[in-house]
Structure formats: structure tokens, C-alpha cells
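Use the sequences and the hints to build the structure in full.
As given, the protein sequences belong to chains A and B, one line each in that order.
Quick note on the numbering used here: the first sequence kicks off at 2 and runs consecutively.
Quick note on the numbering used here: the second sequence kicks off at 1117 and runs consecutively.
Honestly, I wouldn't trust all of these hints.
As the list claims (entries may be wrong) - If you want the footprint, here are the derived chain A segments under chain B, 3+ residues with CB under 8 Å:
1. 115-122
2. 145-156
3. 168-179
Stated by the list, open to error - Label-pair distances were calculated between CB atoms; the ranges are:
4. Phe-23/A - Ser-1320/B: 37 to 45 Å
5. Val-79/A - Ile-1175/B: 31 to 39 Å
6. Pro-1585/B - Gly-57/A: 51 to 59 Å
7. Ile-1175/B - Ile-10/A: 32 to 40 Å
8. Phe-23/A - Glu-1210/B: 48 to 56 Å
9. Gly-98/A - Arg-1264/B: 34 to 42 Å
10. Ala-1518/B - Tyr-62/A: 52 to 60 Å
11. His-81/A - Lys-1563/B: 26 to 34 Å
12. Lys-1563/B - Val-149/A: 42 to 50 Å
What the hints assert, rightly or not - In silico negatives: residues of chain B with every beta carbon more than 10 Å from chain A:
13. Gly-1174
14. Arg-1178
15. Phe-1218
16. Gly-1243
17. Gln-1317
18. Phe-1407
19. Leu-1410
20. Val-1496
21. Pro-1506
22. Gly-1541
23. Arg-1546
24. Val-1578
25. Gln-1592
26. Met-1597
Honestly, the hints are just simulated from the structure, not real lab data.
Since the structure is predicted, the reported quantities are computational estimates derived from the model, not experimental observations.
Quick reminder that beta carbons are idealized off the backbone N, C-alpha and C, glycines included.
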Amino acid sequence: MFHGLDLDIAHLLAGSLVLVSFMLLYQGRLLGVINIFAFHAWVLAAAVAWQAFIQGAPHLYITAAIALLFKGAFIPYVFHRLVRRMGLHRQIETVVGIGLTMLLGVALVALSIVIILKATRNTELLLLAREDVAFALSVVLLGLLMMVTRRNAVSQVIGFMSLENGLILAATGAKGMPLVVEISIAFSVLIAIIVIGIFLFRIRERFDTVDVEVLDTYRGEKP
Amino acid sequence: MTAYLANTAAWPLLLPALAAVLLALVGHYRLGAWINVLISLATFAVALSFVVWRPAPGIYLRVDDLNIFLIILNTFVGATTSIFSKDYIGHELETGRLTPTFLRFYHAMYQLLMFAMNLALLANNIGLIWVAVELATLTTVLMVGLYRTHQAIEAAWKYFILGSVGIALALFGTTIVYLAAQPTFGEAGLQAMAWDHLLAQAASLDPTLLNLAFVFLLLGYGTKVGLVPLHAWLPDAHAEGPTPISAVLSGLLLNVALYAVLRFKMILAANEAALAPGPLMMMMGLLSLGFAGLMLYRRRDIKRLFAYSSIEHMGLIAFAFGLGGPLANFAGLLHMAMHSLTKSAIFFTVGQISQVKGTQRIADIRGLTQSHPALGWALVLGVAAIIGLPPFGVFMSEFLLATATIAAQPWLALPLVSGLLLGFGALVWRLQGLAFGATEGPHVKAKASNFPIWSHLSLVLVAGIYLPPPLVVWFQNVAQMLGEG
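Written out as C-alpha cells, the structure is:
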């Protein structure tokens, strides 16, 4: 049904998304993380648009457009403003060192590829979906890794959004998955951003920083 | 559009959705509170009408034996909580913890939350269930942060991050279920995500993909259920938000998330080659039970105390459904209903207590039966019910569960019963200080209506003494439907 080249390009784009996730992991500066996230969203948009083209599913172009305009342009813009207006720390505190984080990342990618390729071994699934899901799971796990290894609220949020990009990659790679889900993803991301915006402002208002570390000292359980 | 309106299944969604818009526009908080109560009661009435006139199942919405009781429970507790909330927020306004602007937002969010929970329960589409649980998470995150104190923001942030990760894993699981169904259904997208179609074709779905999906779904929705080790958000979110929200979170939202897990468990159970979901759920259930039982001893905040008790009970319910079989499923269903009613009654009581005492610290609350007899005794009865003393309904469900465990897996009865006893000991120990002894601290009179507390507790009491035969038959049918572990 699909030509070899079609699949190759789809895999190339999905694989690039994994690579960009790795780039997010080793960024030490806040503005760098935001820029790389914008790039992450562009690669996602390209991957989704390619899926729309080879599957002949025009509604996926909407998902691609949302990824490009909203996540690839609007959100990075807002975060840039946020960083400048608030004069946030430009350096990101990490919980574990960059080297160890990268090794963990590699392990997670290997894990997801092994799991997905094994789990889909006996199915009549299209090759396309198999590898796409493996890459998508890698992006999801790398996003999770980023969330747990960063202490800064902005970079945790970016980790979460890169994770959601992985989910969108999975959903669009599953051929014929109803539009309901795609709209819902866009919708939920939108709301999530509003929530995040409110929280960032509130955290700043109270603590003069967006380092989540500071929050932890206010444990609800004081003797 | 008219076809949708004619289908009464949509009404428990339309009413709260319209109310949310209306309440966002109504400026006066007292009027808002009344509209909130009236709409919640109307939604409850609609849900109750499903018993007699059950709507025909559609591709998006479906009322069946399993969700009908949860819908009724959900709208009932939603309605009583709105009554409690009406008095509660009056006090919060007086003390200046909330302002009228925030209340407008609060009421709109309350109805949006009811909408989301009803949608999750009624949805026949696994994607729609996910959207609804996500919406419910976001609205509760906003409500938990409502007081804007340090602790409230920390709690909301933690809840937001953990809840989002959970919900993201659940979406990944949902996608994989679709992938498993795709070869069977071809490209008929909607059917491949409709729960009833999936169940009917469960045997032909790909088992390895289903296994993989279930792990993600259990971890994802399990975070929302508050199962250990994914529970970290739960105590903070319960302690720092407004008490009506704690009641709704504990009594309803945890049930809704567990219900989502159950729906997927049924699909897995109907596929011979897929892994048995039971043992996973039993393990997480027992872990939650034991962990929460131990943690109860170290609580210093009264709302956190009962939040940990909720983790304990959700663990029990997960264990019951994991064990499976008619008896354990019966116990699980009964316990869902009983825990929901009892725990929300306890939170209503605790909310008033912390208002009259001006604190949530257990050490500063003493001798309630002396200073505020109605509240003090309500707390004593509520705690007696939740720790499973006869003749309350919780005793019956826990007794049934223990019996089923001894019959099926005698060794598992040991951790089960010791977990129950741990929780029992902790709550009795705390209750003594709270309810009895010399009083200290401020003597503000309680003003709120006690109707929600007593209506819940009397239902729990009645259920413990006498379950009407039609209800028993219905519980048995659903227990049959849920199948083995």
C-alpha cells in the first residue's frame, strides 16, 4: 500500500523527533530549551503532515498546523517573554549530570524499541505504525526523563509538552484513528497551557523564582 | 442535534455544561450557590430517571448496568456537596479566604467538573473517556490552587504534573488499544474505539498489544485513582483545596478513574490470550492498603489523614476487582458506593470542623463532642463507618471481601486483614484525641446545614442493615458482568 520511500521519510521524521528530544535533554540554558522545543514542534508538524500526505487523510493537516503555529511559534514566544519579563535564572538546575541523563535516555529508547517491536511481532499491523509507535514511545519516555531531571518549572512544562508531542506522533501514526482524539489533544494542550501560564505567574508571585525546588520546602506536613 | 437532545443520556452532560456557562456570568455569589444546588439536584433527578427509562446505547454515550449506579452516585454526591458548599463558601467569604470573583470561577468549575465526570461515566468511546478524565483533572487542579497559599500552589503544581503524566500514559495506552483493534475493524475508526464493539470483538484483538496497553492504562488511570506508588499528589490536593472539592475528589473522581480501569480490564478479561489483569491490580491494591495504613499514623493534618484513608480504600477496591469472581466483585462495587458516601460525609464534617476551629492541625482540635456535639458525633459515626464497624455498610463490603479472599486465595487474606487493622488502629487512635477529652481553642458555632452529612451516613447505615433485593440482584448481575480477575 505504501511505497518504500514513503515509509523511509516517515521513519526519518519520527526518528528526528527522538533526536531533538535528546537535544532537549542536554540543554543547560533556559532560552536554549525553549528554542529547541520550538524545533521539536516543527519536526512534529513535518512528521504529521507527511502522515497526512501518505495516508491521504487531510484532517491530519489540521493537527500539523496546530503543532506548527501553536506549539512551534506561540508557546515559545510566550515563554521567551516570560523569561525576559521575570528575569528568570538563565541556567537550569539539573538533578543528575548531563552524561548520566543521556545514558538513561539511550537506555529508554532501546527499551521502547525492544518492547514495541516485540509486542507487534505477530500482528498484521502496517510496518509504518510499528516503528512509529516505537519512536513515539521513546519521545514520551524522554519527555518523562526530562521532567524528573529538571528542577525548573518552565523546563518541566517543556518536558511535558515534548511528551505530548510523542503522544500526537503515536496517534497520527495509527492509521484511521478518529479525529475526536486529535481535536481533544489540541484542546487539552490548549487548556494545559492556560493552566501552566497561571501557575507560572502564581509561583513567581509567591516565591520570586520558578524553581520548583523552592516549592518543596513548603511541605504541607509541618510538625 | 435534536436527535441528541431527545436522547436523555446526554442530559446529565447538558445540564452541568449550561450551568457552567450560566454560573460564569452570574456575579452574585449567593445566587450562584443556589443555581449550583438547583442544577445539581436536577442532574441527579435525570440520572435517577435512567432506572426507569434507560436511554438506548449509542456510539458515543451508553448507559448500562455498570455505569448506571455510578452515575446516580455521582450526581447524588454532587448534589449534596453543592448543598454543603453553599454554606461552606459563605464562611470562607466572611473570613476573607475567598473573594466573590473567585466564587464565580469556583461555581463554574464545579459544574464543569460534574460535566467531565458524568461524561467519563457515560462515554462509550475510549477516547472520549480519556478526554473527560483529562478535563476533570484540569478543573480540579484549578480548584486545588484556589486559595493561592504556598501550600495550595505546591499541591496544585504537584497534582498538575503527576496528573498530566498519568493522563498522558493513559492516552498512549488508549492509542495502543486502537492499534490492537485496527486489524479487526479495518479502518472503521469510530467502531474501533467504541467500548461495546471492542468488548464484543475482544477475543480477536491482538493479545500482546492489549497487554502493553493495559500496563499503560493501569499506570495512567491508576495515578488518578491514587494507587501506591503513584499517589504522591493525592494527600496534598485533598488537604489544600476547598473542602467541598476534597469531598468530590475522594468520593467521586477516584471512583471515576477506577471505573475507566475496569472498562479496560473487562476487555482484557474477554480475551483468552491476554494476560490476566487481576494480579497486577491486586498487587497495587495491597501495596496501597499497607502503605496508607502505615502512613495514617504519622499524619498531623486532619484532611491529610482522611486523604490517606482514601488511598487505603481505593487500594481495597482495586484489590477486590483484581481478585474477581462474583463475590469479590460484589464487594468491590458495594465498597465503591459505601466509601464514596462515607468519605464525602467525613469531609463535610471535617470541613466544618476546620472552619469552627480555624485550623486543620490534629493537635489543635480536641474534645469536639463537648464543644460541638453535632459535629463531634458526626465525626465519630463517620469514622466508625469508614473503619468498618458494624452495622455500617462498609463493614458488610469489607466482610464480603475478606470472605471472598479466604475462599479464593487464603494467603492473601493475611496482608489484607492486617492492612485493614492498621488503618483501623490509626483512625481510632486519632479519633480519641479529636472527639473526646478536654476542649481547647476557639468556640465558634457551626452554621452550616448538617443535612448532607446525615443523609450520607443514614444511607450507609441502611445499606449495612438491609439491601433491597432488587439492588442485590442488580449488584450480582454487574459482578457477573465484571468476570474473573
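So, going through the hints one by one against the coordinates:
1. 115-122: Result for this restraint: holds, n = 6.
2. 145-156: holds (count 3)
3. 168-179: Holds, because 8 residues of the stretch 168-179 of chain A bring their Cβ atoms closer than 8 Å to Cβ atoms of chain B.
4. Phe-23/A - Ser-1320/B: 37 to 45 Å: holds, 39 Å
5. Val-79/A - Ile-1175/B: 31 to 39 Å: Holds, since Val-79/A and Ile-1175/B (Cβ atoms, about 38 Å apart) stay within the stated range.
6. Pro-1585/B - Gly-57/A: 51 to 59 Å: holds, 57 Å
7. Ile-1175/B - Ile-10/A: 32 to 40 Å: Roughly 35 Å apart at Cβ, these two residues keep to the hinted range, so it holds.
8. Phe-23/A - Glu-1210/B: 48 to 56 Å: holds, 55 Å
9. Gly-98/A - Arg-1264/B: 34 to 42 Å: holds, 36 Å
10. Ala-1518/B - Tyr-62/A: 52 to 60 Å: For Tyr-62/A against Ala-1518/B, whose Cβ atoms are near 57 Å apart, the range 52 to 60 Å holds.
11. His-81/A - Lys-1563/B: 26 to 34 Å: Since the Cβ atoms of His-81/A and Lys-1563/B sit about 50 Å apart, the hinted range of 26 to 34 Å is violated.
12. Lys-1563/B - Val-149/A: 42 to 50 Å: Once the Cβ atoms are compared, 46 Å apart, the range 42 to 50 Å for Val-149/A and Lys-1563/B holds.
13. Gly-1174: About 14 Å separates Gly-1174/B from the closest Cβ of chain A, which puts it past 10 Å; holds.
14. Arg-1178: Answer for Arg-1178/B: holds, closest chain A Cβ roughly 15 Å.
15. Phe-1218: Non-interface label on Phe-1218/B holds, nearest chain A Cβ at 13 Å vs cutoff 10 Å.
16. Gly-1243: Given a closest Cβ separation of 4 Å, the condition is violated.
17. Gln-1317: With a cut-off of 10 Å, Gln-1317/B remains clear of chain A, as the shortest Cβ separation is near 15 Å.
18. Phe-1407: With a cut-off of 10 Å, Phe-1407/B remains clear of chain A, as the shortest Cβ separation is near 16 Å.
19. Leu-1410: holds, 15 Å
20. Val-1496: holds, 25 Å
21. Pro-1506: holds, 33 Å
22. Gly-1541: At roughly 20 Å from the nearest Cβ of chain A, Gly-1541/B sits farther out than 10 Å, so the non-interface label holds.
23. Arg-1546: Consistent with the label, Arg-1546/B stays out of reach of chain A, its closest Cβ about 15 Å off (over 10 Å).
24. Val-1578: holds, 36 Å
25. Gln-1592: holds, 35 Å
26. Met-1597: holds, 26 Å
Taken one by one, the earlier hints fail for this structure at numbers 11 and 16, listed in ascending order.
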